[in-house]
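S.K.: Next come the chains, spelled out residue by residue.
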Amino acid sequence: MDLINFEATELRLGLPGSSTDEPEIKSTTSPVNTNKRSSPEMDSNVSDENGSSRSPPPTKAQVVGWPPVRSYRKNILQGRKSDQPEMGSGMYVKVSMDGAPYLRKVDLKVYKSYGELLKGLQEMFKCIIGLYSEREGYKSEHAPTYEDKDGDWMLLGDVPWEMFITSCKRLRIMKSCEVIES
Amino acid sequence: MMLLQPSMDPNRKRAKSVDRVDSVDSGSESFESTRKCGFPDEVLERVLSLIDSHKDRSSVSLVCKDWYNAERWSRRDVFIGNCYSVSPEIVAARFPRVRSVTLKGKPRFSDFNLVPEDWGADVHPWLSVFSTAYPFLEELRLKRMAVTDESLEFLATNFHGFKALSLLSCDGFSTDGLKAIATHCKNLTELDIQENGIDDLGGHWLSCFPESLTSLEVLNFASLNSEVSFDALEKLVSRCKSLRVLKVNRNVSLDQLQKLLLHCPLLMELGTGTFMQELISGPVTEFKTMFSNCKNLVTLSGLWDATPLYLPVIYPACASLTFLNLSYATLRSDELANLLAHCKSLRRLWLLDTVGDKGLEAVGSCCPLLEELRVFPADPFDQEIFLGVTESGFVSVSHGCPKLRYVLYFCRQMTNAAVATIARNCPDFTHFRLCIMNPGQPDYLTKEPMDDAFGSVVKTCTKLQRLAISGLLTDRTFEYIGKYAKNLETLSVAFAGSSDLGMESVLKGCMKLRKLEIRDCPFGNAALLSGLTKYESMRSLWMSACNVTMNGCRALAKEKPRLNVEVMRDEEGSDDSQAHKVYVYRSVAGPRRDAPPFVLTL
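Each protein sequence line maps, in turn, to chains V and L.
The letter at position 50 of the first sequence is residue 50 when you use our numbering, and the numbering goes up by one with no holes.
The letter at position 55 of the second sequence is residue 1055 when you use our numbering, and the numbering goes up by one with no holes.
No wet-lab data here; the hints were simulated from the structure.
By construction, the Cβ of each residue, glycine as well, lies at the ideal position given by its N, Cα and C atoms.
Careful, some of the hints might be misleading.
[Stated by the list, open to error] So these bits of chain V aren't anywhere near chain L, every CB distance computed over 10 Å:
1) Val63
2) Lys74
3) Ile76
4) Ser96
5) Val110
6) Lys119
7) Glu123
8) Asp148
9) Lys149
10) Met154
11) Trp161
12) Ile165
13) Arg170
14) Lys175
[Unchecked claim] DSBU-like, lysine-lysine: derived pairs with alpha carbons at most 35 Å apart:
15) L:Lys1447 with V:Lys74
16) L:Lys1259 with V:Lys74
17) V:Lys74 with L:Lys1344
18) L:Lys1459 with L:Lys1447
19) V:Lys74 with L:Lys1512
20) L:Lys1358 with V:Lys149
21) L:Lys1486 with L:Lys1459
22) L:Lys1288 with V:Lys149
[Stated by the list, open to error] Cβ-to-Cβ under 7 Å is the rule here; a few derived chain V residues that face chain L:
23) Val64
24) Gly65
25) Pro67
26) Pro68
27) Val69
28) Arg70
29) Tyr92
Chain V on its own, in the form it takes in the complex (with noise of 0.2 Å):
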């Protein structure tokens, strides 16, 4: 899949929607899969050039395989952190799109509706997205599903919006063919 004009997956330090004022960071694509992901990687090296304190660095993107932990270990880790409440301002949960070389994160707290959220993630991954209907079917190619608290992927749009946010711990966009339905 040639990915390489995919400028909608760049990497970008900044909140899904806004501007391209932030330096981009150039990307090398790589084939996908499951297991292990190999995502684009950063080409400069974010140091801290002046020495500056402790005082906690900007907001960086991360920086692919590093620091050095085995996939394994970081799986365990990032299974243990999502049973911890949510700390802080922001409720950001990962994304990702099938076909789509690396994610994407959002935070569900600047939506109040399940549509702003769709238009959120229709702009990051220019996509159309649409909610399943009883009635209609797939009214779109991609389907957003959703894994919950008890591990389980559900179809978005059952429940209230608020109890989805409070039970959502990742996202996951899928193509609508895929989409088993029970």
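Chain V is fixed; fit chain L onto it per the hints.
M.R.: Chain L only, in chain V's frame:
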């Protein structure tokens, strides 16, 4: 390693050396001209078969033709550190009677997602050749190889005496492959599944072990997520009387573990399941005797979700423990201190940095015999966090544990002075792997680069074999390494150095260097080419996100035809575009024939 009696061995060819055509020899040798040494072949082989070390065997094989032949016929155990450095055909031709193979595949940075999938290191071509060359193969140990279910099924059905399978950091297979192993390997003694990219389709594989299988000595499925049938597991454990290593996964509860332990009093290594009970069915005293029968336990791991309430259950077993792996238990400093007070014999300790510097103080005071310490980060990817361990914890350990030789330490701050103190306290380091998690971070007190830290390590620790460096580092670090680290074999570098001089210093000075892996450093073609004469004496070189270009790689490939110079490139750029990922290794097998489209062999 099995020592074969000449008369008992079905494969034995007791004829003259006419039968022993060594395909690697150039020209044919007559029987008379090879009989330079006075020993009959059987005696020589018998003597050589007592040599286990691969290095020694290599040396032995270089002495003379007789010894080369005797060595190859007596070799039972082959270790291949880079699966592409040699072909299975060459191995089979040189070593006709191998029983155990260890194969390593992908470059180490593939553990951190730097190598795309489908890169290679497929085990299947090896199994194909071995099925005819080594039908009596007993052991296979794979690390970073691509393994499919089909390959596992092939292994299980084509090698009838197969006994031991170990898979570490491999990927491409699912629990269906394990089903095949459990079903068909009638003499299985070892199944060791560790940290692989495995597709976990469920725990049914364990139920595939037949009732007739009683030979298991090692069973490790700690890293699998799905629940296995406890009934099947309990029956398996109770009928395998020689079980000495059992590492279960998180789904096995405390009371289930208690039942298992009743069946295997000879256990030497235990990996527990979850170490807490949500529904407290009885008081904790119920579990207090759980470990009192385990007289032979030397290794303990697992301990998922261990809490202060349940941790004391293991105290009775602690006095004889030599290896304690707490890297999946989020313990705090006080919990660790209470535990370590019972662990006087510890040699190896793995921890999560949740124990903090205070926890490490307890390590320093309780574990004087400690030789190995690994401290893993509980939250490596959250840059806002300032928890974990610092330089002071490491210093505390070094004061109390002078025998330390292996350390892996993840931290968020470090100073040159602290590392100098640590090196002074522990001059016997053979493996020093320090990961300051923020790339390019200086000494947080002096704001200086961390050059002097690693300088003090290489100057003081003369036995150093493996080094991983981090923090803000200039070329001076590499000058120190080149000048002092004369026993260094493996070096890992990330986000370091100022110019080509850095890499050049290392290549020039480190006489015993075998593995060099570099990422995100300003080393270019001049640095790459400065190692021209060195790479053939090394296992491999990895460089990614550096300043090496295609022309530089082509120049290297042209000068050194016996090296494989592989470049992974994503863009079809100009002729002299950046070579994004470069992997150079010596090989007697020529260029890879299974390279995927994104790997260019120059």
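S.K.: Hint by hint, say whether it matches the structure.
M.R.: Checked hints:
1. With a closest Cβ-Cβ approach of about 7 Å to chain L, Val63 of chain V is found to fall inside the 10 Å limit, against its non-interface label.
2. Listed as a non-interface residue, Lys74 of chain V fails to keep its Cβ farther than 10 Å from every Cβ of chain L; the least gap is roughly 7 Å.
3. Against chain L, the non-interface label of Ile76 of chain V is violated: not every CB pair exceeds 10 Å, the least being about 7 Å.
4. No beta-carbon of chain L is positioned within 10 Å of the beta-carbon of Ser96 of chain V; the least distance is around 15 Å.
5. Even its closest Cβ contact with chain L, about 19 Å, leaves Val110 of chain V beyond 10 Å, as expected for a residue assigned away from the interface.
6. Non-interface status of Lys119 of chain V relative to chain L is upheld: no Cβ of that chain comes within 10 Å, the nearest being about 28 Å off.
7. With a least beta-carbon separation of about 25 Å from chain L, Glu123 of chain V lies farther than 10 Å from that chain, consistent with its non-interface assignment.
8. The claim that Asp148 of chain V is not at the interface with chain L holds, since no C-beta of that chain comes within 10 Å of its own (minimum 18 Å).
9. Every CB of chain L is more than 10 Å from the CB of Lys149 of chain V (nearest about 16 Å), matching its label as outside the interface.
10. The Cβ of Met154 of chain V lies farther than 10 Å from every Cβ of chain L, with a closest approach of about 20 Å, so its non-interface assignment holds.
11. Its beta-carbon lying about 27 Å from the closest one in chain L, Trp161 of chain V satisfies the requirement of being farther than 10 Å from that chain.
12. With 10 Å as the threshold on Cβ separation, the claim that Ile165 of chain V sits away from chain L holds: the shortest Cβ distance comes to roughly 21 Å.
13. No Cβ of chain L approaches the Cβ of Arg170 of chain V within 10 Å, the least distance being about 15 Å, so the stated non-interface status holds.
14. Distance check on Lys175 of chain V: its Cβ is at least 20 Å (rounded) from any Cβ of chain L, clearing the 10 Å threshold; non-interface status holds.
15. Pair hint Lys1447 of chain L plus Lys74 of chain V holds up; C-alpha atoms about 30 Å apart against a cutoff of 35 Å.
16. A distance of roughly 31 Å separates the Cα atoms of Lys1259 of chain L and Lys74 of chain V; the hinted pair therefore holds under the 35 Å criterion.
17. Between the alpha carbons of Lys74 of chain V and Lys1344 of chain L the distance comes to roughly 31 Å, so the proposed pair stays at or under 35 Å and holds.
18. Of the pairs offered as hints, the one joining Lys1459 of chain L and Lys1447 of chain L holds, with about 22 Å between alpha carbons and a cut-off of 35 Å not exceeded.
19. Using a Cα cut-off of 35 Å, the hinted pair Lys74 of chain V and Lys1512 of chain L holds, with the two alpha carbons roughly 33 Å apart.
20. A C-alpha spacing of about 34 Å is found between Lys1358 of chain L and Lys149 of chain V, which places the hinted pair at or below 35 Å, so the restraint holds.
21. The hinted pair formed by Lys1486 of chain L and Lys1459 of chain L meets the criterion: a straight-line CA distance of about 10 Å does not exceed 35 Å.
22. About 34 Å separates the Cα atoms of Lys1288 of chain L and Lys149 of chain V, which keeps this hinted pair within 35 Å; it holds.
23. About 6 Å separates the beta-carbon of Val64 of chain V from the nearest beta-carbon of chain L, less than 7 Å, and the hint is met.
24. Annotation: interface hint on Gly65 of chain V holds; nearest CB of chain L at approximately 3 Å, less than 7 Å.
25. For Pro67 of chain V, the suggested interface contact is upheld, since its CB lies about 5 Å from the closest CB of chain L, less than 7 Å.
26. A distance limit of 7 Å between C-beta atoms decides the matter here; for Pro68 of chain V the minimum to chain L is near 5 Å, and the interface restraint holds.
27. Using the Cβ-Cβ criterion of 7 Å, the hint placing Val69 of chain V at the interface with chain L is satisfied: the shortest such distance is roughly 5 Å.
28. A distance limit of 7 Å between C-beta atoms decides the matter here; for Arg70 of chain V the minimum to chain L is near 5 Å, and the interface restraint holds.
29. Given hint, Tyr92 of chain V at the interface with chain L, is violated; its Cβ is 11 Å from that chain's nearest Cβ, farther than 7 Å.
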